[in-house]
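There are 2 protein chains.
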Amino acid sequence: MPHIALEEHLPGITGLLEYRKDSAAPIRELTQFLLRGPNTLTTGERELIATVVSNGNQCRFCTAAHAATADALLGESETSACVRTDIESAALSEKTKALLQIAKLGQQGGKAVTTAAVERARHAGASDVEIHDTVLIAALFCLYNRYVDGLATVAPASPEFYAKLAGRLVQNGYNRLPQGYDHLRRQQ
Amino acid sequence: MPHIALEEHLPGITGLLEYRKDSAAPIRELTQFLLRGPNTLTTGERELIATVVSNGNQCRFCTAAHAATADALLGESETSACVRTDIESAALSEKTKALLQIAKLGQQGGKAVTTAAVERARHAGASDVEIHDTVLIAALFCLYNRYVDGLATVAPASPEFYAKLAGRLVQNGYNRLPQGYDHLRRQQ
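Residue numbers (the numbering used here), protein chains in the order written: chain W, 1194 to 1381; chain G, 1194 to 1381.
Pulled out of the complex, with its shape left as it was, chain W reads as follows:
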């Protein structure tokens, strides 16, 4: 049971974003920019960063949600499963693996991101902005994971829930649906 009174039909982050809309607006905006904005990293790569960090923080809701979203974007589920256990074994470029390792270190703590890890990414062709965005996306999911679990929100068990949520995140991104689209929200 959540630590505070949240709407029962809105599990995980969804109830929190409805609970306090003034804080939700900039959180949604930041996430939309980092995960869906113009970027040389693909949306799939960015969802893998979210998956690796959420998995490291053992946040069930966020791990399932972002793995399902990465799967929908990549068109397969092997990669998101791989990066959760062993980044190096995934069928990804050296640059993406190096960036995911930076994200994994960032999940542990800011100081855990070593110069060697950054140099590996740079050597594989990562730009300053890509390194920056990887660290900031990792930091953002450290926020999300603590927000979601720190208030003991509910994580549905059914994979169908996350597949549906992923469909929404692929189609609409992280912005709140504008007023007048309530019929869409109800369907989700």
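Hints may contain errors.
Which copy is meant is left open, so a pair is good if it fits within one copy or across any two.
Listed next, the in silico DSSO-like pairs over lysine-lysine satisfying Cα-Cα at most 27 Å (straight line) [stated by the list, open to error]:
id: 1; residue 1: Lys1214; residue 2: Lys1357
id: 2; residue 1: Lys1288; residue 2: Lys1214
id: 3; residue 1: Lys1214; residue 2: Lys1304
Please keep in mind that the hints were generated in silico from the structure rather than gathered at the bench.
Since the structure of chain W is provided, determine the placement of chain G on it from the hints.
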């Protein structure tokens, strides 16, 4: 030396917020709402949450910046020093101590926030919104601390730097100074 090329005269978070203004805008907005917006928690209490979390994450820049800001708001420096070593020894209300303990647990991880810690705060009079905001502020500073240290930004050694920064954060909050106020920025 930072992992990416940042303006040398802007240490810690300040250079990062200038580096990528599109992500900086919602980060500033979220911080302004949570730390300076209308709230039953005082601005001093909210800066103490930031201090406790940054200290737990061993982020030198953020700890010094928010301790100095708390000091400026509280008019004394004993409380911010106390909460960094032993929250219970600080001259604070039972409610504030209970909320700071929640923040400290949230710094460790979302799942570390126990029902007992939340019940202590509630028993001392904390509302759902206060508990929510405490967890979210703690989560936000887990983002900041990882952002600042994950990119190896520079933390000035001089206390004067942080006192000046604190003066700015007390006077102007976390919003970016609007264009036309460059003379103010230069003074800071």
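The hints, checked one at a time:
Proximity of Lys1214 to Lys1357 under the C-alpha cut-off of 27 Å is restricted to the intra-copy arrangement: shortest distance 23 Å within a copy versus 33 Å between copies. For a Cα distance limit of 27 Å, the shortest separation of Lys1288 from Lys1214 across copies, 25 Å, qualifies, whereas the shortest one inside one copy, 37 Å, does not. Taking identical chains as interchangeable, the C-alpha atoms of Lys1214 and Lys1304 lie at most 27 Å apart only when they sit on different chains, with a minimum of 24 Å there against 32 Å within one chain.
In this structure, none of the earlier numbered hints is contradicted; all agree with it.
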